[in-house]
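*Asks:* Protein sequence lines, in the order shown, are assigned to chains A and B.
Residue numbers for the first sequence follow this note's numbering, so the first one is 1 and each next one is one higher.
Residue numbers for the second sequence follow this note's numbering, so the first one is 412 and each next one is one higher.
Treat the hints as calculated values from the structure; they're not laboratory data.
Where a beta carbon is used, it is the ideal one built from N, C-alpha and C, also for glycine.
One or more of the hints may lead you astray.
As the list claims (entries may be wrong) - Reference listing, derived: stretches of chain B covered by chain A, where coverage requires no fewer than 3 residues with Cβ under 8 Å from a Cβ of chain A:
| # | segment |
| --- | --- |
| 1 | 596-605 |
| 2 | 618-628 |
| 3 | 636-646 |
What the hints assert, rightly or not - Subject to a maximum C-alpha distance of 20 Å in a straight line, what follows is the list of computed SDA-like cross-link-like pairs (lysine to any residue):
| # | chain 1 | residue 1 | chain 2 | residue 2 |
| --- | --- | --- | --- | --- |
| 4 | B | 663 | A | 305 |
| 5 | A | 34 | A | 155 |
| 6 | B | 563 | A | 22 |
| 7 | B | 817 | B | 806 |
| 8 | A | 221 | A | 233 |
| 9 | B | 632 | A | 264 |
| 10 | A | 252 | A | 301 |
| 11 | B | 663 | A | 232 |
| 12 | A | 221 | B | 663 |
| 13 | B | 632 | A | 25 |
| 14 | A | 221 | B | 434 |
| 15 | A | 252 | B | 721 |
| 16 | B | 819 | B | 518 |
| 17 | A | 345 | A | 389 |
| 18 | A | 152 | B | 433 |
| 19 | B | 632 | B | 725 |
| 20 | B | 632 | A | 374 |
| 21 | B | 797 | B | 420 |
| 22 | A | 252 | B | 640 |
| 23 | B | 663 | A | 229 |
| 24 | A | 221 | B | 605 |
| 25 | B | 563 | A | 266 |
| 26 | B | 445 | B | 562 |
| 27 | A | 34 | A | 17 |
| 28 | B | 817 | B | 750 |
| 29 | A | 221 | B | 793 |
| 30 | B | 445 | B | 421 |
| 31 | B | 632 | A | 193 |
| 32 | A | 152 | B | 675 |
| 33 | A | 252 | B | 644 |
| 34 | A | 252 | B | 643 |
Unchecked claim - Quick look at which bits of chain A chain B covers, simulated, 3 or more residues with Cβ under 8 Å:
| # | segment |
| --- | --- |
| 35 | 78-84 |
| 36 | 123-132 |
| 37 | 189-200 |
| 38 | 218-231 |
| 39 | 252-263 |
| 40 | 340-354 |
There are 2 protein chains.
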Amino acid sequence: MNETDLIMDRCEQLATISSQPDRLERVHLSPEHKAVNALVAEWMSEAGLSTWQDPAGNQCGRLEGREPGLPALLIGSHIDTVPDAGRYDGMLGVLLAIAVAGRIHGSHNALPFALEVVAFSDEEGTRFGMALLGSRALSGSWNEEWWSLADKDGITLAEAFQDFGLDPARLPGAYRRPENYVGYLETHIEQGPILEDHDRRLAVVTSIAGARRYAITVTGKAGHAGGTPYDRRRDALVGASELVVEVERISKQRGVIGTVGRLQAFPGGVNVIPGVVELSLDLRAEFDNDRDDALAELWAVVDEICTRRGLAFETRELYRADAVPCDARLMRAVDAGIRSTGDEKPMAFWSRAGHDGMAVVNLTPIAMLFLRCRGGVSHHPDEHVKKSDVTAALDAFEAAVLAIAKEKTAR
Amino acid sequence: MNETDLIMDRCEQLATISSQPDRLERVHLSPEHKAVNALVAEWMSEAGLSTWQDPAGNQCGRLEGREPGLPALLIGSHIDTVPDAGRYDGMLGVLLAIAVAGRIHGSHNALPFALEVVAFSDEEGTRFGMALLGSRALSGSWNEEWWSLADKDGITLAEAFQDFGLDPARLPGAYRRPENYVGYLETHIEQGPILEDHDRRLAVVTSIAGARRYAITVTGKAGHAGGTPYDRRRDALVGASELVVEVERISKQRGVIGTVGRLQAFPGGVNVIPGVVELSLDLRAEFDNDRDDALAELWAVVDEICTRRGLAFETRELYRADAVPCDARLMRAVDAGIRSTGDEKPMAFWSRAGHDGMAVVNLTPIAMLFLRCRGGVSHHPDEHVKKSDVTAALDAFEAAVLAIAKEKTAR
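Isolated chain A (complex conformation) (with noise of 0.2 Å):
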């Protein structure tokens, strides 16, 4: 099997290893994420890494660079998913990491910094509403407030963790110290339909958009559908549908990106007048005072909204993360990289959605390569990736370690 075609074989794979039999769902500390965790592991050994799963779930691996112990080039992706995801938005660059270290390994080309290569455990937030738990812990911006999470059976991530056999109180072994790093790459499907549009495989992400993500209840008061006039109704639904057009059309016109994602009537009985709806909120922009905007005009819609229809409107802040600008020096290694493809002037966007390198890049500078999606489509069964993309991805990835190490060797 040549390696493009194993990379494809072991997307199958991890896609086999989910909570619900009819679909791809797995989340951090579940007893999947331990399935991949081993899998991964024993994948990064073949390439000729150690490997380790840190203090937080991240499965890690490495290989020495000239010298043992010098600081480490880290890359990777991350190993959870969505509900109902697609099987590359993550998985694809753990593996092409775990491949392009591989072929270092197998060139005996050393290079002047370890590759450490990491599938990070949490990148989406799917369990605990909170995103890039493995990412924050290795890059050391953890809160401690997060240990009282709970998902949605009650559990909470401090349990979560001796569940799946981690201690709390050894969170801070897996931060890493800045001296011991030299950057982050990582490849990721780009989500989005530019490249394709373009007719272009590879892009350099220039920086991740900022983003804000809200839990919000809307309160007005349950009652008989038939008997409760008009007049009298505090239907708490009709007002949080009103705010869904809003975040739609404020979002396209100001050019921001808001979406719901999540939104449910209480009690949710046929013949009852909803009294409480629980929706979340994520927005996204290339500048953060874009973003803040459009969240201070929606919050103003939705007082006018609930003043006029009685209701109360709660509003919790789960996430926010300023857009990341990815660095100079990376980005010029990766655009060479693509090059080396073929591609004499890739592409350069941002990144609409977000990714482990916004809390990374707390530890160490970070770069990005996108790679084309078919209809731009992901957190989606129907998301999908051309293998001679995945081939050029693997050797602009490789071209793009190589260009930094020789930088390196050159300064």
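Assemble the complex: chain A is given as a structure, and chain B must be docked to it using the hints.
*Replies:* Same frame as chain A, but now just chain B:
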């Protein structure tokens, strides 16, 4: 304890029999249903009735009239609840019927008909999404297709019958014969604010609104919340939200009552564009034509929304009941009953809510008496009735039964 205090106390007792620790929820064929049937049977026995649970799980009691085996006046209401219910909707009508039978029994004033008290097993349809299952069984308007209806845990109605100790094959034993009944009378809280607004305690119900209920599925395409530009989105939730707003707009404009009580977005990830939304629609009106015209307009508008947004929608009718007029002779008796409590010109209006009478009318003529509830609130823990109104309802209900007896004797 006087009669009214006893009724109020029993409402409290019933309210403690719930599947939820912190709120009232008691659904069809649940362990709680079994417990309340036993308690109600005990109260029926104390009132002098012979008791039995019929093959549909309805709890019944009978007081013979002037001679054994006479046709019966059926009186009662339902014993099941919506999620997070109040404590009077249904239950109060059952307790008033028992108290009236107890008074008649105590008075040794044998009637020209038997009294049969019924506590219907299912009126709300909370568990199986199909309302009036108890009264539909009793009135012989059962549909064999309902056996495969499933609750949220996938338990079918047929399985739930068996788990409850009932045999689906014996259901026809619950069907009553029209020649054995002289009519049906029910007291129920108004579930609306009309009596309170007019400072009146009781009303004659003229008809029960027709209603149609639908399960609606809006299907778009899930995708990454960041990476998918607006012009490529097929966001099922924004479409469904427009639908919810339109239900309110069309209903208000046409003077009908439309409610979306249930709505949930899937897959439900904070950073995933919803690919599917499931929601319910309840639409009712005094006249069936108005309701159906509103529905036709709504489907046209939803079709336009979905076409514009690249969404598909499917609707499945869960329930359909045409408006049911109350019987003129029984209404006169109810009117006389209310007048006997000092109200010289009782109010009379249509019920916006559905009631067991909609099914019982297939067996025997029906009428209802409405009782004021605070703020018109029902299907909510704040549901409240005044003790003095309950006393008035008990007196009026008894007087109505005696008026029917008098009229029957006179004929």
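*Asks:* Of all the hints numbered above, which does this structure not satisfy? Sort the numbers upward.
*Replies:* Hints that this structure does not satisfy do not exist here, as all of them hold.
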